[in-house]
Amino acid sequence: MKWYEYIIMIIAIGLVILPFVLNHLNKKKGKSTCGCGCDKCSANCPMHKRIDDKEN
Amino acid sequence: MKFALVGNPNSGKTTLFNSLTGATAHVGNWPGVTVDKREGTYKKLKENISIVDLPGIYSLSPYTPEEVVSRNFIIDEKPDCVINIVDATNLERNLYLTTQLLEIDVPIIIALNMMDSVKKSGDEIDTKELAKNLAIPVCEISALKGDGIKELMEKAYEVAQTKRAGTTVLVHSDLGNLVKVTAEKLNDKQVSSPLFHAIKLIEEDSIEVSMHQDVLTEIEPLRATYTKNEFDGDFEGMVADARYKYITMHFNKIIKKANRNSNETTSDKIDKVLTHKIWGIPIFIVLMFIVFHLVFSEDLLFLNSLFGLEIRNSGWINFFTGMGYDGILEEAILNGEDAVLAGIPSLGVFLQSWMGWLTGSIIDLVRGWFANGGVDETWYAGLICDGLLTGIDSIFSFLPQILLLFLFISILEDSGYMARVAFIMDRAFRKFGLSGKAFIPLLMGFGCSVPAMMATKTLEDEKERDMTIRLAPFFSCGAKAPIWAMLATVVAGSFLGDIFVFSIYLLGIVIAILSALIIKAFSKKKDVPPFIMELPAYHMPQFKNLVAHLWEKLKHFLYKASTIITAAIILIWFLSNFEWAFWRGMVDDISESILADLGHVLQYVFYPLGWSMGSEGWKYTVASITGLIAKEDVVATMSQLGLEEGTIALSNAQIYAFAAYNLFTLPCFAAVATAKGESTKKGFLVTILWWLLASYVVSMVIYWIGYSFELFWWLGLIVVIILISLIIGLGFIVANKRKNKQEKRVA
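Listed in order, the protein sequences are those of chains X and W.
Each residue of the first sequence is one higher than the one before, counting from 1 in our numbering.
Each residue of the second sequence is one higher than the one before, counting from 1001 in our numbering.
Any given hint could be a false lead.
What the hints assert, rightly or not - Simulated pairs of lysine-lysine, DSS-like, Cα-Cα distance not exceeding 27 Å: (1) X:K27 with W:K1555; (2) X:K27 with W:K1681; (3) W:K1253 with W:K1119; (4) W:K1269 with W:K1120; (5) X:K27 with W:K1457; (6) W:K1119 with W:K1155; (7) W:K1457 with X:K28; (8) X:K29 with W:K1676; (9) W:K1163 with W:K1043; (10) W:K1457 with W:K1431; (11) X:K27 with W:K1676; (12) X:K29 with W:K1457; (13) W:K1676 with X:K28; (14) W:K1682 with W:K1457; (15) X:K29 with W:K1002; (16) W:K1555 with X:K28; (17) W:K1277 with W:K1431; (18) W:K1150 with W:K1043; (19) W:K1163 with W:K1150; (20) X:K29 with W:K1078; (21) W:K1682 with X:K27; (22) W:K1681 with X:K28; (23) W:K1002 with W:K1155; (24) W:K1555 with X:K29; (25) W:K1046 with W:K1078.
Unchecked claim - The calculated label-pair distances, taken between Cβ atoms and stated as ranges, are: (26) W:L1558 with X:F20: 13 to 21 Å; (27) W:I1278 with X:K28: 49 to 57 Å; (28) W:L1506 with X:F20: 36 to 44 Å; (29) W:F1231 with X:L25: 50 to 58 Å; (30) W:Y1096 with X:L25: 38 to 46 Å; (31) W:L1558 with X:K28: 20 to 28 Å; (32) W:A1735 with X:V21: 50 to 58 Å.
The set of hints was computed from the structure by calculation and includes no laboratory data.
Just so it is clear, CB atoms sit at the ideal spot from N, CA and C, and this is done for glycine as well.
Work out the full structure, taking the sequences as your base and the hints as a guide.
This is how it looks when you write it as structure tokens:
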């Protein structure tokens, strides 16, 4: 394999791993994890508190 | 500095918020659109002001999550100023919340919104008198038109520099003494906003009682003197009555209504038709069909089917088909016919054909570069051209149709019509155990199942929430639209494309109703709670809001395309071009690949559904499974495996069964994770099983009915009759079970 083929392969593997990395980073930051931007699944959503309280 | 926007739902808070902050927050016309707070910055004053858009509320009682969020924010975070947005066209109703806000120790200003509508109707509001009565500033604005906003913010900034003690309209009522005594006791305890807390305590507000039980005990003897009246000890009712009496007495003279022949507004007149108890639902169905026709039809207005319109000029054919004349000519020569375009394609199909030409040209260009470089047979040329570009091309070519579909749905939403749909569906859905309030998240499912499932947080009943989450994916989301768009091009007959897509959406609603009926019959669920909702006035959708919606949709699509979908495309390319011993290099025949092996094993599971039969059946199986990652992947995978318009050799029955399977099966991983987070444990397990069962059964039934009709029409008829008899029989069993349940309850 030539050197640029290795680079293409690394980029391709990186693109496959990218969604998992972004998901993990977004979760850590408390942001929405599906990319929809509605923030409804983020840690900021005050509805979480209501559900947690209810379950307690 | 921090300012909070507080007001009733549909009073224009989010419109004002967008105007102040330049944000693109979604402006919807039903409760539940803003269920959390949004923050932005206003930069046109001496200092930057943080603006917080709170959910729309009717009062500060802690009954709904929106009320809790808003109340907690004002009391705990103590904004520098509260901007109370009051809908000038519904002054009396909006002022109820104002009377509660006045009781909090916080600077307040009223933004009297929709003044343009008031002036248009010829009514007058004496804002000076209103300000004098409430003892706070009142600014006239039109958030939609951007009028008066600068003056509002300047005044709010001025007001924020001052301190304000709470005042109450109840001081003039019979409860005046009780309020005064309770407030004094709380003031002695150094409670901030003692007036607000005192009145809430008198109402036996659960939060206040938990915090000040001792004070409640102290005032009990005084409260007891108020129990011998028509309210029979209902202090909340007494307080509400006192507020409304004050509002009616003092603010009726502030509004001067124009002389009108009737009190009916334009919205009322339109609603007489659109929310008619018989014609409401058929009108909705017709409107939705028109939308699908404009997006997916290959024969606009049925000009070919009904009037025989044909286009023969090559220039015009190229225009309408995105340079597709050569393809049509080739097929015509094979069939010994003239090259003719049957009818005019709809706008969606027209845009899709040109997008396809653009993306196809890019792929040809890149292939050309590789060919010129002599590297077109390499693995990386295959990855880029046959994998990435082909996969992404397959979804991007449908992007114009998806955006157009969203544009039409946004127009219906922004005009205020979709709120009516929830209202008219309440009548129908109630019979199946769901209220109109549950229909709102389901309607959101037409966009994406994730926020639709999250919106079920507003439903109080746990079982209703589980059921709504279960049914949300049946309302075909935007990610599935490329699948229907692609299959619509394959369905035989030029006019069937839009009918096919329309029927898929309709099928989703029908199966959702049937599911609700069956689940309700076997559950211990109580009666459906009543549904009360404010219907916003109809108005022309604002162009900038529509653009904002489309931009949000496009951003979301681009995010998904560049991450999850690209990852899946690369994975599928690898699995379909390499064997298990991948170090040996790419395979010559796709049937020797890892993907083919996996697909061949799994395709037997789906044999009864019809679409996984045959030598290519494994491809449809694999495509459906990749839909778990993202539904757009179904089309991307099919394209990579060579399944496109012209190469898909399924009968109409198989196509429909395949579509039905993908409609009802497990949604994408994000939606499944959301369902898990929002449902009860038992509810989630039932949901997963229901999705698997519904997709399998419905797909199988559709295939066998369609196959029977394709063999002999009378055979199809027999199958349909047997099916209808089974459904009626099931209906009798369900009805009997409900009757027995009711009799047991009465006994």
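Evaluated hints:
Only pairs whose Cα atoms come within 27 Å are accepted, and K27 of chain X paired with K1555 of chain W is accepted, the gap being roughly 20 Å. Taking the CA atoms of K27 of chain X and K1681 of chain W, the gap is near 22 Å; set against the 27 Å cutoff, the hint holds. Note on K1253 of chain W and K1119 of chain W: the hinted pairing holds, with a Cα-Cα distance of about 17 Å set against a maximum of 27 Å. For the suggested pair K1269 of chain W and K1120 of chain W, the alpha carbons sit about 17 Å apart, so the restraint of at most 27 Å is met.
Distance hint between K27 of chain X and K1457 of chain W is fulfilled; the C-alpha atoms sit about 20 Å from each other, no more than 27 Å. In summary, the hint linking K1119 of chain W to K1155 of chain W is supported, as the alpha carbons are separated by about 23 Å, within the 27 Å threshold. Under the criterion of a C-alpha separation no larger than 27 Å, the hint pairing K1457 of chain W with K28 of chain X is consistent with the structure, at around 23 Å. A hinted pair counts as satisfied when its Cα atoms are at most 27 Å apart, and K29 of chain X with K1676 of chain W qualifies at roughly 21 Å.
Proximity of K1163 of chain W to K1043 of chain W is assessed by CA-CA distance (about 23 Å); at most 27 Å being required, the pair is judged to hold. Taking the CA atoms of K1457 of chain W and K1431 of chain W, the gap is about 22 Å. The hint holds against a cut of 27 Å. For the proposed pair K27 of chain X and K1676 of chain W, the alpha carbon gap of about 16 Å is at most 27 Å, so the pair holds. At roughly 23 Å between alpha-carbon atoms, K29 of chain X and K1457 of chain W fall within 27 Å of each other, so this suggested pair holds.
Taking the CA atoms of K1676 of chain W and K28 of chain X, the gap is about 19 Å. The hint holds against a cut of 27 Å. Of the supplied pair hints, the one linking K1682 of chain W and K1457 of chain W holds, its CA atoms being roughly 17 Å apart against a limit of 27 Å. Distance hint between K29 of chain X and K1002 of chain W is fulfilled; the C-alpha atoms sit about 23 Å from each other, no more than 27 Å. Taking the CA atoms of K1555 of chain W and K28 of chain X, the gap is near 22 Å; set against the 27 Å cutoff, the hint holds.
Distance hint between K1277 of chain W and K1431 of chain W is fulfilled; the C-alpha atoms sit about 15 Å from each other, no more than 27 Å. As the CA atoms of K1150 of chain W and K1043 of chain W are separated by approximately 11 Å, the hinted pair is consistent with the 27 Å bound. Straight-line distance between C-alpha atoms of K1163 of chain W and K1150 of chain W comes to about 22 Å, which keeps the hinted pair within the 27 Å bound. Between K29 of chain X and K1078 of chain W the CA atoms are separated by roughly 26 Å; this keeps the pair inside 27 Å, and the hint holds.
The hinted pair formed by K1682 of chain W and K27 of chain X meets the criterion: a straight-line CA distance of about 26 Å does not exceed 27 Å. At roughly 25 Å between alpha-carbon atoms, K1681 of chain W and K28 of chain X fall within 27 Å of each other, so this suggested pair holds. Proposed proximity of K1002 of chain W and K1155 of chain W is supported: the alpha carbons are some 14 Å apart, at most 27 Å. Annotation: proposed proximity of K1555 of chain W to K29 of chain X holds, straight-line Cα distance about 20 Å (limit 27 Å).
Of the supplied pair hints, the one linking K1046 of chain W and K1078 of chain W holds, its CA atoms being roughly 21 Å apart against a limit of 27 Å. The supplied range of 13 to 21 Å is met by L1558 of chain W and F20 of chain X, whose beta-carbon atoms lie about 19 Å from each other. Separation of I1278 of chain W from K28 of chain X is about 54 Å and conforms to the stated range, judged on CB atoms against 49 to 57 Å. The hinted window of 36 to 44 Å between L1506 of chain W and F20 of chain X holds, with their beta carbons roughly 37 Å apart.
Checked against the given bound of 50 to 58 Å, the beta carbons of F1231 of chain W and L25 of chain X, roughly 56 Å apart, stay inside it. The hinted range of 38 to 46 Å is satisfied by Y1096 of chain W and L25 of chain X, whose Cβ atoms lie roughly 45 Å apart. A hinted range of 20 to 28 Å holds for the C-beta pair L1558 of chain W and K28 of chain X, which are about 23 Å apart. Between A1735 of chain W and V21 of chain X the C-beta distance comes to about 54 Å, which sits within the given range of 50 to 58 Å.
When the structure is compared with the earlier hints, no violation turns up for any of them.
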